[in-house]
Amino acid sequence: MATVPLELALLLAGVLFALGLAGVLLRRNIIFVLLSIEIMLNAAGLAFIVAGARWQQVDGQVMFLFILSMAAAEVAVGLALVLQMVHRFGTVDSDVVSRMRG
Amino acid sequence: MLGLLWLVPVLPLVAFVLLALGGARMPRAAVSALGVGLPAAAAVIAALIAITFGASPPAGHSYTQVLWTWMPVAGADFMPQFALHLDALSIVMMLVVTWVGSLILLYSSEFMEGEEGYSRYFAYMDLFISSMLFLVLARDLLVLFLGWEGVGLCSYLLIGFWYKDENNVRAANKAFIVTRVGDTAFAIGLFLLFSSLGTLDIPEVLSRAAQQWPAGSAVAAAAAALLLGGAVGKSAQLPLQTWLPDAMAGPSPVSALIHAATMVTAGVYLIARMHVIFTLSPLVQWFVALVGALTLLLAACAALVQRDIKRVLAYSTISQIGYMFLALGVGAWTAAIFHFMTHAFFKSLLFLAAGVVILAMHHEHNMFAMGGLRRRMPVTFWTFVAGGLALSAFPLISAGFYSKDLILFEAFTLPRGNVLFWLAGFVGSLLTAIYTGRMVFLTFFGPAKHEPGRQPRWRMQTPLIILGVLAICGGFINVPDFLRTALPAPPESEHSGLQIGLESATGALVIVGILVAAALFVWRRAWADALYRLPGMAGVHAFLFSGWGFDWVYDHALVRPFVTLARINRRDFIDFFYTAVAWLNIGGHRVLSATENGRLRWYAAGIAAGAVIVIAIMVL
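Protein sequences appear in the order of chains L and V.
Read in order, the letters of the first sequence correspond to residues 151 to 252 in our numbering.
Read in order, the letters of the second sequence correspond to residues 21 to 640 in our numbering.
Pulled out of the complex, with its shape left as it was, chain L reads as follows (with noise of 0.2 Å):
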């Protein structure tokens, strides 16, 4: 089995963590921020996988699998947020909906 070298796979995680991130800081789009943070998300977990097939260890995959399910509540309950926003305002632009100013 072919393998892949640490290096490049965890740079491929620090990309992907990267764009998500700036997805979520540059759309204003609230789904658009949501798909952003599951990238980041996905980043960090592949990140575990890599490091567990590293040093031949199982809690890598352990990880991974509670990033999964919290990812899925978070999806659960953000989605929730979402549908919300869209009946009280009308929009899905994270910029509008800034009441909570200091």
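Calculated from the structure, these hints are not laboratory results.
Please note: incorrect hints may appear among the correct ones.
Coverage of chain L stretches by chain V, computed from C-beta distances (three or more under 8 Å per stretch; other residues unrestricted) [as the list claims (entries may be wrong)]:
{"#": "1", "segment": "161-175"}
{"#": "2", "segment": "205-211"}
Pairwise CB distance ranges (calculated) [said to hold, decoys possible]:
{"#": "3", "chain 1": "L", "residue 1": "Ala172", "chain 2": "V", "residue 2": "Val601", "range": "38 to 48 Å"}
{"#": "4", "chain 1": "L", "residue 1": "Leu162", "chain 2": "V", "residue 2": "Leu640", "range": "24 to 34 Å"}
{"#": "5", "chain 1": "V", "residue 1": "Arg587", "chain 2": "L", "residue 2": "Phe239", "range": "19 to 29 Å"}
{"#": "6", "chain 1": "L", "residue 1": "Leu161", "chain 2": "V", "residue 2": "Val634", "range": "17 to 27 Å"}
{"#": "7", "chain 1": "V", "residue 1": "Ala629", "chain 2": "L", "residue 2": "Arg178", "range": "11 to 21 Å"}
{"#": "8", "chain 1": "V", "residue 1": "Asn605", "chain 2": "L", "residue 2": "Val154", "range": "46 to 56 Å"}
{"#": "9", "chain 1": "V", "residue 1": "Arg590", "chain 2": "L", "residue 2": "Ala172", "range": "47 to 57 Å"}
{"#": "10", "chain 1": "L", "residue 1": "Met220", "chain 2": "V", "residue 2": "Phe597", "range": "46 to 56 Å"}
{"#": "11", "chain 1": "L", "residue 1": "Arg178", "chain 2": "V", "residue 2": "Gly630", "range": "36 to 46 Å"}
Residues from chain L that keep clear of chain V, each with C-beta distances beyond 10 Å, as calculated [said to hold, decoys possible]:
{"#": "12", "residue": "Val154"}
{"#": "13", "residue": "Pro155"}
{"#": "14", "residue": "Leu156"}
{"#": "15", "residue": "Glu157"}
{"#": "16", "residue": "Leu158"}
{"#": "17", "residue": "Ile180"}
{"#": "18", "residue": "Asn192"}
{"#": "19", "residue": "Ala193"}
{"#": "20", "residue": "Leu215"}
{"#": "21", "residue": "Thr241"}
Cβ coordinates follow ideal geometry from the N, Cα and C atoms, glycine included.
Starting from the known structure of chain L, fit chain V onto it as the hints suggest.
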């Protein structure tokens, strides 16, 4: 009877408390009944006490009533007694304060009717009389100081009685601040007396000073000089005299009571009371005489040219107190108190009569706008003339003649007097006669310019008549003899021929002065105008009119530098450190509250940046 002594200062105090608490809700008749009645009752009690004292003098010719111990400080052995002390000196002072005060209050009850703040006026006046009585009856210097500050406070409140005019408020502030200079010296003097003698009980202070301090010692001189400082401030003597002419902003009866008869002579009383200390330091005592001589001449010159009738009287008060200081300075203690008493009669009379004139002239103070009031206001005219005769020491028929000539005679003959002091008083009596004559002639003679408005009724006329009689006859009361038990009497003189000679000279000079005034202001007004047009005369006139420019000097030397400093330091430098803390907090608050903008992406960026920073710290 002597046991009732405490009632004398307490009755006016009760009147003050009642009027201050409930005066605004009382009808005016009740206010004047309380405000005049209780001090008058105190006056009656004071007279009974004086009669008892005179009929059967207590042991040692003094009587002490200890009321309680005021703030005992055991460790420092400081046990000031709140005690009243009665001797010949305080009897004279007490009688003058209560009787002249009651007459002036009776006058005020009519003078002030129709004024706003009728009960406030009587409350202040009663507080003043009470404080003044504590001052003259105090056995302990600390109680004396309490009365001293109390009269200063009442003076301030009453000068600024018509507080809606800013000038009156300024005059009140000026009086308060200038006298504060003297009071500070007085307070330091008290510290010095206590630290070196260990007591403030007046008879004890005097006896210990006589035992412990050698004559001419530095500590005696320092104590005397500090007491003199206090006296100079209170009695408006050189160099702190500038507040008194401005103090005329108050109602006329206030000027009569506070700024002529009683408070301004508190300095004379203080020096007479502490005479042992002054005797121990001949230099300071000489200085007292010098201050008196200079003041009486300066103020008399300034009085020559004033236009405001009350300012003439104010300068003449300064001048007459100068005579008293001159007497104190040469050791004529009894003559000074004698002149204090006659001055209280005639000067309060002059102020009250001037108040009548001012009311009748619709609050006109300028003498040149008056005139011809002789026939229209006969009672006022004749009482004013009686006061004027006494002020100018008209020979034989006025009270001022006997007291002033006693001062002049003793200034000439006593070992601490000399010819120059006598000459100052002698020239001063000429000036006094001229400015008094000018005041009387301008006000009451000549063509009538205005019809008098309000004529005085009995409550204003009775005090005028009683004081007028006293201004003529008060000189026959043998006060110097009565004071022998309290103050060192001058030695029996063998110069009766000299005394008659000096009295005739002064009397002739006074008559000349009055004739000069009559010539200039009644018979030949053109001469006065010609005199005024002499070259350089306008400048001299302006200089004297401003009271020898003292206000200008003080304004430039003290007031303006102080105001400039205050303006420079308006943003207090020390406060900068504290305001900087406040500014940093406010700035930080602004920055932080700007970050709370409610934007999701901004918060996410904040979290990301925070995570980066934390990781960076952990990795590096």
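Given as non-interface: Val154 (chain L), which should sit over 10 Å from chain V by C-beta
holds, 25 Å
Report holds if the minimum CB distance from Thr241 (chain L) to chain V is greater than 10 Å, and violated otherwise.
holds, 13 Å
Decide, holds or violated, for the assertion that all CB atoms of chain V are farther than 10 Å from the CB of Ile180 (chain L).
violated, 8 Å
When you look at the beta carbon of Leu215 (chain L), is every beta carbon of chain V farther off than 10 Å?
holds, 24 Å
10 Å cut-off, C-beta based - Glu157 (chain L) kept clear of every residue in chain V
Given that every Cβ of chain V is farther than 10 Å from that of Glu157 (chain L), nearest at about 17 Å, it holds.
So does Ala172 (chain L) sit 38 to 48 Å from Val601 (chain V), Cβ to Cβ?
holds, 41 Å
Verify the CB-CB distance for Arg587 (chain V) and Phe239 (chain L) against the hinted window 19 to 29 Å.
violated, 58 Å
Report holds if the minimum CB distance from Leu156 (chain L) to chain V is greater than 10 Å, and violated otherwise.
holds, 18 Å
Hey, does Ala193 (chain L) actually stay past 10 Å from chain V on C-beta?
The claim stands: Ala193 (chain L) keeps its Cβ more than 10 Å from every Cβ of chain V (closest is about 14 Å).
Are there at least three residues in the segment 205-211 of chain L whose beta carbon sits under 8 Å from a beta carbon of chain V?
Three-residue rule not met by the segment 205-211 of chain L, so violated; n is 0.
Can you let me know if the beta-carbon spacing of Arg178 (chain L) and Gly630 (chain V) is within 36 to 46 Å?
The hint (36 to 46 Å, Cβ to Cβ) is violated, given that Arg178 (chain L) and Gly630 (chain V) are roughly 22 Å apart.
Coverage criterion applied to the segment 161-175 of chain L (partner chain V; beta-carbon cut 8 Å; 3 residues)
With 3 residues close enough to chain V, the hint holds.
The structure is inconsistent with the numbered hints 2, 5, 11 and 17, although it conforms to all the rest.
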